[in-house]
Amino acid sequence: MNDILTIEHIVKQYAGHRALDDVSMNIPQGSVFGLLGPNGAGKTSLIRIVTQITAPDSGRLLFKGSPLISEHIRHMGYLPEERGLYKKMEVGEQALYLGQLKGLSRAEAMKRLKYWFEKFEMQSWWKKKIEELSKGMQQKVQFITTILHEPDFLILDEPFTGFDPINAELVKNELLALSKNGATIVLSTHRMESVEQLCSHISLINQGKKILEGSVKEIRKQNKSNTWEVHYTGNKIAFTNALWAGFELVDIQEDHEHNVARVKMLGSNTPNELLQNLLPQVQILGLKEIIPSINDIFIQKVNESEHAVVAA
Amino acid sequence: MSKIALIIRREYVTRVRKKSFIIMTILGPLLMGAMIAGVAFLSAVDNEQRRIVVVDESHLFSQKFKNDENTTFLYLDGPVDSLRSRSKKEGYFGILLIPASENMASLEKAVTLYSEKQPSFTLIQKIQFTMEKEINTSKYSDAGIDPKKLESIKTDVRIQTRDLENNKTSTPLTTIIGFAGGLLIYLFTFLYGAQVMRGVMEEKMSRIVEVIISSVKPMQLMMGKIIGVALVGLTQFLLWVILTTTIYSLVMSVALKDPNKSAMEQMIKMRTGQDLPVDTKYKEMTPAEEISDAVNQINFPLIIGSFIFFFLGGYLLYAALFAAIGSAVDSETDTQQFMLPVTIPLILAYVASANVIQNPDSPVGFWFSMIPFTSPIVMMVRIPLGVPWQQVVASMGLLVLGFLFTTWLASRIYRTGILMYGKKVSYRELGKWIRYKN
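Protein chains in written order, with our numbering: chain A, 169 to 480; chain B, 1430 to 1867.
These are computed hints drawn from the structure, not numbers from a lab. Beta carbons are placed, not taken as given, at the ideal position from N, Cα and C, and that holds for glycine. Do not take every clue at face value.
[To be verified] Straight-line distance between alpha carbons at most 16 Å, and here's what the computed EDC-like set of lysine to aspartate or glutamate pairs gives:
| hint | chain 1 | residue 1 | chain 2 | residue 2 |
| --- | --- | --- | --- | --- |
| 1 | B | LYS1447 | A | GLU258 |
| 2 | A | LYS256 | B | GLU1631 |
| 3 | A | LYS404 | A | ASP419 |
| 4 | A | LYS297 | A | GLU258 |
| 5 | B | LYS1432 | A | GLU239 |
| 6 | A | LYS255 | B | GLU1631 |
| 7 | B | LYS1646 | A | GLU239 |
[As the list claims (entries may be wrong)] Away from chain A, derived, C-beta distances all over 12 Å, residues of chain B:
| hint | residue |
| --- | --- |
| 8 | LEU1503 |
| 9 | TRP1669 |
| 10 | THR1673 |
[What the hints assert, rightly or not] Sample of chain B residues facing chain A (criterion: CB under 10 Å; computed from the structure):
| hint | residue |
| --- | --- |
| 11 | LYS1432 |
| 12 | ILE1436 |
| 13 | ARG1439 |
| 14 | VAL1442 |
| 15 | LYS1447 |
| 16 | MET1634 |
| 17 | ARG1636 |
| 18 | GLU1639 |
| 19 | SER1643 |
| 20 | LEU1848 |
Build the full structure now, drawing on both the sequences and the hints.
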């Protein structure tokens, strides 16, 4: 897979602090790329550099292999976290204006808006002023204006905030459809469940530094701790006694009729060996590996990097 | 359509369509006319009835003060103190005390008018005029001059002033036009500069700015807004000119009662600035004719042309600064600290123009019409009175340099400020923004 955007050694210094410190990452063509990080990590700074709102102090960006220039902006769609529209302007007029600013002709913008307004059932809003719409409705208008020029590279900063679950689902499905049609989507969000559902790749930054990057599958695989969940019925003590030095019991919880134990494999021990020990003692109902969620990895990595800073 | 043209179009169309713009455009000339007429009317019509007690201890002025529609003079003797204490009860407007004296000349500065309310300027004038006349007459007779002879000797010289190209130079009307032009530039700069500032703040506070500057450069957005608003101002001005001309020629065609002069001819004459034939000067003129004559002497193409230049120059210079302020703050209340240094030169120019009008070629007039921050207003005041072309060109050149400088300065503040939220901005901070690379 080729990279649509390559970010190389970006440094951005603001008065008093370093917002981005030697950040590099590769965003694969056609991926849904989760840009993660706690508040103030430097996500918005990075996005503003990619959208050419600001320029980096040093480092370079390649878009489809060639240095990023203002011409490329036509291929990008950007939905900022702090969003807004002209409150006193009519919906249709405003959407047309923003479409034209992205390089569409008036007629073309009109045609595409008709399609989207029909699809989202908002034809009746055309003549209304933005301030007459609810927050969720405004978000919909803004979402449409972001994707109207059919960008092949979309940057969405917290796209789901402000939507009710139904509309969030609607937007999510549109994003998946866009991704299927070949668009690359960069998603900056705190909502880990949407990262799990949507993202193929993620990058985690904290305090201006990148601390993790890769495909979601790879990262989860790398971060699993070889811990398994055992569902059984029987005596807790018998279960504990059955474990010998090669296994570490994390905890046991009671779940309705049965118990759930979490056991970590030590050394090269396998679940089969665990089962061999347990089978004579208790009734096994199920066994599965615990794969860490992105949320767990996020918290763990951020804490690690912060401790590292303190230690250093 | 290019992006900056799109921005200009949006700024222009949304403003021109507003009800407030349409109302101001129609009401502006009407209000202006009504205000001038109102002031003239109020100062002319003064129908308060006043009784003034004259205590003439010199006995030189008995029955000399003539009653008129509003003022009745009562001649009473008696101690002034008791009259003063009774004044309110009796309903006197005031008490005029003329102290005892043998000759009139010694009374020149000895007379006092007591009144509860501040006496009007015209009333004081009337009393002074009467006394001056009496004292003059007495002085003439003391000196052995026959007042009648003196009257017949009196000459009335009125010279016409013309410049080297034989055009008529300043008349009271040109002075008024110059002052009005300066005032209009002052008002427009404030009005439309504030509109730019509010527009920038609207974009910043509604957070649409980030979407837009991911499509266009901050400089384009700022200039688009400034130019769009400038066009709104020009539109308004031109509509005012057309409307005023129409009203003026309608009024004049009625007032002149001259069937041969159609309103259209009047307008053409006014536009081209042609003089009336000289012989009309020597005819007895009605007030309407006098006004019309004075209006016809004015070089309107020059005045309107220079108005447009200095309006645009001054506006561009200040609008850039207003845009910078709008970008730097988070709310209307934060604008105060930055507004002051921007408004002071403007107000100074306006105040100075009152002085310049008396003395157009004074050092104040010269320097204020050169410094770009004050020149749009002060030069506009001077131009109808006649200014050497070298000065006009120099002033225009400096003004262009001035607005290029403020625009550059503003764009550097703007591109940083527009994305900066939740930070109380100081002048030091602004200095840092100006020095940022990008």
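Cross-check of the supplied hints:
1. B:LYS1447 - A:GLU258: Given pair B:LYS1447, A:GLU258 holds - Cα atoms ~13 Å apart, limit 16 Å.
2. A:LYS256 - B:GLU1631: holds, 10 Å
3. A:LYS404 - A:ASP419: Since the Cα atoms of A:LYS404 and A:ASP419 sit roughly 11 Å apart, the hinted pair holds (cutoff 16 Å).
4. A:LYS297 - A:GLU258: holds, 4 Å
5. B:LYS1432 - A:GLU239: holds, 13 Å
6. A:LYS255 - B:GLU1631: holds, 9 Å
7. B:LYS1646 - A:GLU239: Distance ~12 Å between B:LYS1646 and A:GLU239 Cα, so the pair holds.
8. LEU1503: Fine: 66 Å to the nearest Cβ keeps B:LEU1503 off the interface.
9. TRP1669: holds, 25 Å
10. THR1673: Holds, because the least Cβ-Cβ distance between B:THR1673 and chain A comes to about 31 Å, which exceeds 12 Å.
11. LYS1432: Status holds, d = 6 Å.
12. ILE1436: Nearest chain A Cβ about 8 Å off; hint holds.
13. ARG1439: It holds, given that the least Cβ distance between B:ARG1439 and chain A is near 6 Å, below 10 Å.
14. VAL1442: holds, 9 Å
15. LYS1447: At about 9 Å, which falls below the 10 Å cut-off, the nearest Cβ of chain A leaves the hint on B:LYS1447 intact, so it holds.
16. MET1634: holds, 8 Å
17. ARG1636: holds, 3 Å
18. GLU1639: holds, 4 Å
19. SER1643: It holds, given that the least Cβ distance between B:SER1643 and chain A is near 4 Å, below 10 Å.
20. LEU1848: Cβ of B:LEU1848 sits 7 Å from chain A, so the hint holds.
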